[in-house]
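Chains as they are written, first to last, in full-length UniProt numbering: chain A, 1 to 821; chain B, 1 to 123.
Keep in mind the hints are simulated off the structure, nothing from the lab.
Where hints are given, some of them may not hold.
Said to hold, decoys possible - Residues of chain A placed beyond 10 angstroms of chain B at every Cβ, according to the derived structure:
{"#": "1", "residue": "THR578"}
{"#": "2", "residue": "LEU633"}
{"#": "3", "residue": "GLN726"}
To be verified - Some but not every residue of chain B turned toward chain A, in silico, with C-beta under 10 angstroms:
{"#": "4", "residue": "ALA26"}
{"#": "5", "residue": "ASN29"}
{"#": "6", "residue": "ASN32"}
{"#": "7", "residue": "ALA40"}
{"#": "8", "residue": "LYS43"}
{"#": "9", "residue": "MET44"}
{"#": "10", "residue": "GLY58"}
We treat Cβ as the ideally placed atom computed from N, Cα and C, and that holds for glycine.
Each chain, letter by letter, is given below.
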Amino acid sequence: MAMRELVTGGAACAVPGSSSSSNPLSALANALTGSSSKTRDRIKEIPTSTTTGTEPPFYQDATAEDRLKALPGADFDHSFSRHPTLQSSEFLRNFRTADQNGFADAWEEIHRSGPPPPPALLDHRLPPPQFQPTLEGPPQRVLSNFLHSFVGSSHGGIPFRPAPLPALGLSEGDKQCIRDRSSIMARHFFADKSEDFINAQVNALLSSLDIDGDVQAKGPFAGRFRELEDYWNESQGAPRPGPPQTDGWVAEFSQHRIEHGDPNAWAHSFEQQHGPNSWASEFEQEQRLVSAADQMRGANISNLAAMEQTRMLAHTLAQNNDPKFQNSKFLQFVSKMSRGELIIDDNQVKPAALSSPGDWATEYQQQYTAGPSWVDEYAGNQASSDFCKQDHKFFLTWFCQRIAALSLDLSNKKKKKLSHGPDQWANEFSTEREQSGPVDDQWVNEFSKLHVNDWADEFGRQVGEGAFGESSADNWADAYDEYLNEQVVAKQKSDAPRGVYVFSDMNPYVGHPNPLKEGQELFRKGLLSESVLALEAEVLKNPDNAEGWRLLGIAHAENDDDQQAIAAMMRAHEADPTNLEVLLALGVSHTNELEQAAALKYLYGWLRHHPKYGTLANPELSDSLYYADVARLFNEAAEMSPEDADVHVVLGVLYNLSREYDKAIASFQRALKLKPQDYSLWNKLGATQANSVQSAEAILAYQQALDLKPNYVRAWANMGISYANQGMYEDSIRYYVRALAMNPKADNAWQYLRISLRYGGESKVFLNGLLMRFRSLLFVPLKATNAHGKMRGARDSCIIASGAVAEEYSGWEVGKSCMDY
Amino acid sequence: MATTELKSDAIFELLKRFLETEEGIAVKNKVNLVYQFNIAPKKMGIDEVIYTIDLKKGEVIKGQYEGGKPDATFSLKDEDFIKLSNGKLNPQIAFMRGALKIKGSLSAAQKFTPDIFPKPAKL
């Protein structure tokens, strides 16, 4: 990758699917500071044959390679895409098999309008072809050396001296990128230095480069070439880019070229999205639209209306000068829609990439015939009830809120953007829609119903009133991202239906000679997550090992994962239907999941299979269980042998089920008198007290449990809940983080941590300190999460954490590691 | 106790107790609105159980609000309510997906945050 791109980042540096490579310079920084020494080794093993390439047109400019070498470690940047050699060679192969002429044409076109971006091709990302034609050859090298010396200065921590440089002819865009990147990078290099020092360093660098130090309009650059990126992403999103796709790429490119006429069109479309200059292009589009409308001759009024509305929407949005907002995916989506690049076809938003503007009429004709249902629904909506209108209004407000949030919350979203990569909202949106099917068709309906004038008024009014507090804006702003994440999670979950045990991939204990013994040993030592792995290896080896499954279930329960605990215990129950401990554990886990009927069934099963109390059980009862009957039987049992701690435990669980917490507490206390060393009993007592809102007492009980078993994740998480429920969010964060450090898969804890961060996050100083202190802790779960399968929740949460400390180095660091997922 | 009991019952019960605590009173004073929840066991609109969260008085009542109209009414499924209350489901998303229906004052609905529900501790 050319030095300039390394530094400036720009479009090429932020591509989804290679999120970790979104900032090559930061990657370089990591390499320099030694955090990725492994990667360094890995990279050396990667054959360079693909990197030198054989297609002359790619590498006309041999200096590109030199430029790369000018910067030590620059070659590492490839390592940060997932499988560089694999991807790139495939990429190249595809290109070679593609229609050579068409491709060559496209390439020439790219080439004429900009400097060669050669090695960027090796990453599976698209080179931004018309990347500032002003910069060529020698100045680049000067710049590269200069920046290199800046990087070098970080080693010694010596103040960086400004040096006079020849005019480099940097464009505004380059300058801005350099400014942004360098200030971020400086915070990496000089993490141990004061803010003033960092600023001094950055200012020295910037003044040498004749760049204004002030921060103005940080936003727009990631999105400059977004259309092209989107095309690229689309082809990336296809199953695997084979030759036809490559052709398609070429076709798309030339198509795009036609659409925009000349390279200047980029600037044009950029302007159009970024401010008052958009008037001219708006006008043009309107003209086009009008002519298209003429051609349509009333074919599909509703579609046109939708488009008109989005166009107006885009226009309204475009008038907002906030760069952050200008960069938003949403605006991009709307403006795309308004330009007809996205169409709503049969309730699916689809890119209309293959149709040239002149074809709009046909497009809509086709659409009209293809999707009459759309029209029907539209008509149906017209006749919607007041209730729907209410919904609609709510939606509108949500919409406004999101926009307001975008404008208001610059810093937070900036971090998000860094981690999200480029703006591909529209792409995400369209794929999401395809995934989620009819459920949210309503969205489109709502959308088509927007009365844009009302909308604009309302938006203006609400913003004018300052109706949104910062926090509520945050809240709403996250909504869409969460929505996306949630859909992904939902998709993953649908793969694994409830009650089915989900094994970790990459289990180091598979093949272990005696994983059960190892698992028991690890469990005894309190290494729950490790013992889970060992026990999984055991039950993979011996699927009928009831003890293996049982211990696995217990480990999961202690790790605060009831779903998995239930799944494991079900298997144990299958293997050994009369095991009392299994039955009790199932009863407890179902109680935790608020699944009363199931809990009751297993607790009754416990009684029925108990050698002593089995006689009490009435076999007729097992079909239709009533809480009162079961409770009565257990009370009888407790009378029979008041010295049996287990009966009291089950009774305590039963009373939890019926929410008779005082009785439950009494039962657990009685059991604890008989078994004072049972940590899980202390936790049960604490949880019951917490649920009956005796948080102070609960914390004492949890403390007892943790004294007996320091790695008891469930008790840590419960502790956090108790603090949060008392409004002590900062304390709760500490406990959640502890729990998560031990078990990054504790889904609930992530959710709760998020809520606490929202409230406890008011104090930046606190959060910064916390993140600094827990950085290693947070990294552990993050790394482990990565190893054991990706978890969106984790990523989400740490993004929020990092957003909360947006200005702070540590937050950025956390956010950055989130990007690696 | 019938086996058809809702999971949400536990959460409302918890909220009821929570509203008697200091922190609960703080929440009450902050929000000071009345919400009604129509919780459906399986499918929206069918066999709904009505809960009223009166954050003016700090009460949770099973049944309709008797002091007039609630500020906002939310209709959703039991399962979704659990997700909502423990933070796994964002109300805005639920609304977008059509999993949550809202009636009443818009600004009141916006003031609703699932964070007001205390989180259940696990045995």
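Outside-interface status for LEU633(A) - nearest CB in chain B farther than 10 angstroms: Correct as stated: the minimum Cβ-Cβ distance to chain B is 14 angstroms, above 10 angstroms.
Can ALA26(B) be said to touch chain A, with a Cβ gap under 10 angstroms? 7 angstroms, holds
Holds or violated: is the Cβ of ASN32(B) closer than 10 angstroms to a Cβ in chain A? Hint on ASN32(B): violated, closest Cβ of chain A at ~16 angstroms, above 10 angstroms.
10 angstroms Cβ clearance of THR578(A) from chain B: Correct as stated: the minimum Cβ-Cβ distance to chain B is 22 angstroms, above 10 angstroms.
Closest C-beta approach of MET44(B) to chain A relative to 10 angstroms, hint status: 12 angstroms, violated
The hint names LYS43(B) as touching chain A; please verify it with the least Cβ-Cβ distance against 10 angstroms. 14 angstroms, violated
Restraint check, 10 angstroms cut-off on beta carbons, for GLY58(B) near chain A: Nearest chain A Cβ about 13 angstroms off; hint violated.
Minimum Cβ distance from ALA40(B) to chain A below 10 angstroms? Nearest chain A Cβ about 16 angstroms off; hint violated.
Just checking, GLN726(A) versus chain B, shortest CB gap more than 10 angstroms? 5 angstroms, violated
Hint check: is the beta carbon of ASN29(B) less than 10 angstroms from a beta carbon of chain A? Violated - the Cβ of ASN29(B) stays beyond 10 angstroms from chain A, reaching only about 12 angstroms at its closest.
The structure fails to meet hints 3, 5, 6, 7, 8, 9 and 10 from the earlier list, while all remaining hints are met.
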